[in-house]
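Chemist: Listed below, chain by chain, are the residues.
Protein chains: 6
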Amino acid sequence: MTERILIINPNSTQEITDHMSAALEAFRFPGGPQLVCETLRSGPPGIETQAHVDAATANLIEWFEQVPERKRADAAVIGCFSDPGIVALRERLTMPIFGMGASSYLTAAALGDRFGVISVVSAAVRRHKRAIRALGLTDQLAGDLAIDLSVVELSNEDAAWKRLVAVGQKLRDDCGAAVVILGCAGMARYRSRLEQNLGVAVIEPTQAATGMALTAVLARRGAAAANRRAG
Amino acid sequence: MTERILIINPNSTQEITDHMSAALEAFRFPGGPQLVCETLRSGPPGIETQAHVDAATANLIEWFEQVPERKRADAAVIGCFSDPGIVALRERLTMPIFGMGASSYLTAAALGDRFGVISVVSAAVRRHKRAIRALGLTDQLAGDLAIDLSVVELSNEDAAWKRLVAVGQKLRDDCGAAVVILGCAGMARYRSRLEQNLGVAVIEPTQAATGMALTAVLARRGAAAANRRAG
Amino acid sequence: MTERILIINPNSTQEITDHMSAALEAFRFPGGPQLVCETLRSGPPGIETQAHVDAATANLIEWFEQVPERKRADAAVIGCFSDPGIVALRERLTMPIFGMGASSYLTAAALGDRFGVISVVSAAVRRHKRAIRALGLTDQLAGDLAIDLSVVELSNEDAAWKRLVAVGQKLRDDCGAAVVILGCAGMARYRSRLEQNLGVAVIEPTQAATGMALTAVLARRGAAAANRRAG
Amino acid sequence: MTERILIINPNSTQEITDHMSAALEAFRFPGGPQLVCETLRSGPPGIETQAHVDAATANLIEWFEQVPERKRADAAVIGCFSDPGIVALRERLTMPIFGMGASSYLTAAALGDRFGVISVVSAAVRRHKRAIRALGLTDQLAGDLAIDLSVVELSNEDAAWKRLVAVGQKLRDDCGAAVVILGCAGMARYRSRLEQNLGVAVIEPTQAATGMALTAVLARRGAAAANRRAG
Amino acid sequence: MTERILIINPNSTQEITDHMSAALEAFRFPGGPQLVCETLRSGPPGIETQAHVDAATANLIEWFEQVPERKRADAAVIGCFSDPGIVALRERLTMPIFGMGASSYLTAAALGDRFGVISVVSAAVRRHKRAIRALGLTDQLAGDLAIDLSVVELSNEDAAWKRLVAVGQKLRDDCGAAVVILGCAGMARYRSRLEQNLGVAVIEPTQAATGMALTAVLARRGAAAANRRAG
Amino acid sequence: MTERILIINPNSTQEITDHMSAALEAFRFPGGPQLVCETLRSGPPGIETQAHVDAATANLIEWFEQVPERKRADAAVIGCFSDPGIVALRERLTMPIFGMGASSYLTAAALGDRFGVISVVSAAVRRHKRAIRALGLTDQLAGDLAIDLSVVELSNEDAAWKRLVAVGQKLRDDCGAAVVILGCAGMARYRSRLEQNLGVAVIEPTQAATGMALTAVLARRGAAAANRRAG
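Protein chains in written order, with our numbering: chain A, 1 to 231; chain B, 232 to 462; chain C, 463 to 693; chain D, 694 to 924; chain E, 925 to 1155; chain F, 1156 to 1386.
If you are wondering where the hints come from, they were derived from the structure by calculation, not from laboratory data.
Please note that the accuracy of each hint is not assured.
To be verified - The calculated lysine to aspartate or glutamate pairs, modelled on EDC-like cross-linking and capped at a C-alpha distance of 16 Å, are: (1) Lys-360(B) - Asp-1037(E); (2) Lys-129(A) - Asp-806(D); (3) Lys-591(C) - Asp-370(B); (4) Lys-129(A) - Asp-832(D); (5) Lys-1284(F) - Asp-139(A); (6) Lys-360(B) - Asp-1063(E); (7) Lys-591(C) - Asp-344(B); (8) Lys-822(D) - Asp-1268(F); (9) Lys-1053(E) - Asp-575(C); (10) Lys-822(D) - Asp-1294(F); (11) Lys-1053(E) - Asp-601(C).
What the hints assert, rightly or not - Negatives, chain E to chain F, calculated, CB over 10 Å: (12) Arg-928; (13) Ser-936; (14) Ala-982; (15) Ser-1046; (16) Gly-1067; (17) Ala-1084.
Think of the CB as a built atom: it goes at the ideal place given N, C-alpha and C, for glycine as much as any other residue.
Isolated chain A (complex conformation):
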């Protein structure tokens, strides 16, 4: 029977969920765990303030309670770079749960040296620094710079691309970043192009967190297979 990994977008914008799902296309394979991307209809259109972050917890819990099957999934990814609800869900659910922010920072640290973060808005920088400090990775943070585009401008691919390149180059050249993190789930489609442009690894948070969830699920499957073989 196939395992399920739930990737839960805590905002109500289906388009972002679709972006996430597209970013994970290569993570689906025959016989592999199902990657189910879901939208929290009860959430706000975007998780922009700390109030949104905190409110997501109740929405996420309620969402799990509504359909008992959900609590029997094999792993979950919280689809927001601010990792809303992650501690609360861990207290209630036994499946492993991954946040996009922490997974990205820690994957960057696994890739080597100091990393930079591209934030959507300046207001997020402070939140990121708190999270990075709590993980103990402050010394590895080369810099966190915002592209400071409105959500509308973000949807203008040309404008967004120009700012991503400018900020990415600044992180690489002025701050000494050897890895760059896209600080938001909605920029997946630029990952590869930006990596080629900058010549340093670029981490996309949906993939970073889901990769960790996939690893956790496959690790268990390996054990089951081994048990069967041994039996």
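Guided by the hints, dock chains B, C, D, E and F onto chain A, whose structure is given.
Modeler: For chains B, C, D, E and F alone, coordinates are given in the frame of chain A:
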């Protein structure tokens, strides 16, 4: 065309490479990246001292030089918990390279709170602490305790299992570990059983590092697919 | 006109609000700021899980929105040691806002050396350690030990007292704590007795946070007075 | 009977003591603790060098010894941003003792995010950084910049104000400070104006430290009152 | 012309100065810098409290002022493990100045891994921890344990030796110290014996600090010689 | 009988060994330990990459094994700022072993405040930051800047000097370095001139590490002398 991830055991003991390969069985899937587990014949039977760790670098570099195809792999995992040669290989190769130690510590941090490490021998504890300090994760280390069995005793599954359980329980109960890391590539077959016994997540380093490599490779594949779709 | 400091108990148990108000009796003086202790009727009976912590944010915001006058207070104290909603309220309100947890840790650090924390339940220890790490005070934490009494037992003053003394002495003697923090708003009535028993300073979180709020309010008043004098 | 809090200016300049006393005007209230601001006649005109800082200890101890009543005060504030003599006094006196520097840094941390410091002279910056590092708050320091005015220029309010604004704006805009600390006891009269100009909280050290002392004293008074009520 | 290194015992006990001088016997050589051990007659018999530490600054400054020649020495060592006056002297003198405490901690860190400290009295442990934290070496501190003997008992060599061995073994075996520091200038005569008994390096503070001073002086001499050769 | 300190240049360039030996001229004295500077003929012309660093371990071990007398030396200094082989040698040899990098950083910390590093090439900066982080000294690093001259240009004394001064001044003025470290063993001949030019202490790594080795050797000699006297 299929990507390749090289998992390179820097010691010459084929049996350990076989254990690694078995631990990764579930990470292989139709159409997925090849997971090629290789043994460094030029290495010592085991990486036990810092001299072994340092010497592994030249062996690893030579191994990559011997067959040009190897340098064209898509990612590499260094199959030893001490992450030998990782900085040197990063200076010479463009593929992403993951170490088992760092990947395990960082995966544990992604899973939540404080983690414990089960070392094979006490002498390794100091080395682990240095690595954890360099990553900035000292505050998240609940404890690092050795089972202190000889390699021969390790091959006695009953004896090894008893020590693993005793040390794991101590890490969980006395040290407050919420996650336990198996501090050696050769204990994969106990992962699942130990996780069930302890009731906390247990991380196996071959899987932790290869999961990160798999994520890196699939992330790029996703981009290629997206480019094709867009084309 | 008199300033107002709101001390908001985010749980719905009026008795705890009454304890807080009693703990602040000496902080009220003729002509001084009003200390208004309020109970969030919409909250749970106790803030026990991270889900409670996160849910408190929306309750707190709603509470401020219900009566516009509230947003015009001069300072606010969030009446729970887990500091729920503190970042979110800071994003929305211009008044200074203090959390009981952070205020207690930082007041302990101001008093001198390493501090210990008496937690109500073991489950809270991990949460405290995260908060202390985020503040940068990990090296000053001598220890965090739980009395592990049920809420019912807590209301048995004899049982509670015995455990408080035992845990406090352990923090002082075995952990080297020079200051002890009561890790919960409901233990104010033991503060003085425990301080006398242990011979080290004991910090009560309602007082620590309200003291900081009082300071912030009086500082502004001082400026107003100076302006008047100068006028 | 009324408690006494001693605010001891370790330099011999009465005018600075007067400034401190003025800064505390609002902290005096009917029935409240006496706030007694004293000048150490034996001190130098200003605490400018580390030699002055260290020498203050003996002066402070002698001052307490001269009049036994002083040692029976309820709390003490050392009226200098370098916290001279604080550890030594704690070893000899049982009353709680607060330093202006540590109290300011810790109060800033209680208010939220990263803080900036306005130093009088560049030479002080290094001393501040040492103190902040010892407290564990280095990651929360946004910046420490000096106005670099002579004591004479400082007394020219226009010149001082211009530099304070310029440095404060730089801390806020270039360094990302969300709170600004006045790094000297003699700038109290600018606090309010600067707070309004910058739109971020501005902390004045006399008030920060005395507020903590007031809290400590009132906390004990609360206990006494509770004991009387219970009696 | 021969350089001079001043080793200044800030307490008035000549016997301790004699011990220091004996500890440095091997650091004197024909043509080498003079090692002049001096006793501060104005100091207390022992530097035991923080008040003693702080008061030493003025004594040290006065001592340098009394004889102008002293200020022309080539380096100075402050002969007390608490490093009294070190910052103040650096502000006034241009020669390099070394403290016994900091030099010992940093020399231990240079020798490899985690170090333990043997304190004379428990009261000193807290002071050491502050100093180690300020240097950034907290993670390398394996433990700090006191022998807790009175000064009289200390002079009983048998009693002192027994406690030194017991505490040293505990640091090595229970705390994992790979290096042990004698936390007081008066224990030099046990260094070698203890090193042999414990089988780990034992650092004596007079030697650690004077060794650093000697290095600084010889480094300059080397330059002079090179200049002469080149000339 | 005279002790021997081995200073082992792990690269094969005799000229650099000669520079080291010249830098140590003043550290040799009648009756003092022999300072034997050796060139590892098996090494590369320069230690430039991490592969070189790691490969040095085997060369160093082999060198010690070739002549048993070498293992009986009294201390060793690894003559390269990257401290190659230091952990491995410590596992195999009982003599104290010092690295030039760690010794320089720790000596700088002993001299007082924040230090700057002058690197030869930018690529080394990252390696230094890792080493400094592992030692816990990140907060004391004022900056690390490269002169970025080729080895050929380095041998042009005029060009090298100009860059050293420019980088040193930037470290002092813009970064606030109170001490400057020459980040390479080959710049000893500039130490004194640069110190005079900058007016801050300049540390040369050969001297820093050998000074620590000398201290360790003399400390033992002192004990022997004391034992003889006592006998």
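Chemist: None of the hints should be skipped; say for each whether it holds.
Modeler: Evaluation of the provided hints:
1. Lys-360(B) - Asp-1037(E): With a Cα-Cα distance of about 10 Å, the restraint between Lys-360(B) and Asp-1037(E) holds, given a limit of 16 Å.
2. Lys-129(A) - Asp-806(D): This hinted pair holds, its Cα atoms lying about 10 Å apart.
3. Lys-591(C) - Asp-370(B): Cα-Cα ~9 Å, so holds.
4. Lys-129(A) - Asp-832(D): Roughly 9 Å between the alpha carbons, so the hint for Lys-129(A) and Asp-832(D) holds.
5. Lys-1284(F) - Asp-139(A): At roughly 9 Å apart (the allowed maximum being 16 Å), Asp-139(A) and Lys-1284(F) satisfy the hint.
6. Lys-360(B) - Asp-1063(E): holds (9 Å)
7. Lys-591(C) - Asp-344(B): holds (10 Å)
8. Lys-822(D) - Asp-1268(F): holds (10 Å)
9. Lys-1053(E) - Asp-575(C): holds (10 Å)
10. Lys-822(D) - Asp-1294(F): Holds, at about 9 Å.
11. Lys-1053(E) - Asp-601(C): Within the cut-off at roughly 9 Å; holds.
12. Arg-928: Given a closest Cβ separation of 15 Å, the condition holds.
13. Ser-936: holds (24 Å)
14. Ala-982: holds (20 Å)
15. Ser-1046: holds (25 Å)
16. Gly-1067: Non-interface label stands for Gly-1067(E): nearest chain F Cβ at 17 Å, farther than 10 Å.
17. Ala-1084: holds (16 Å)
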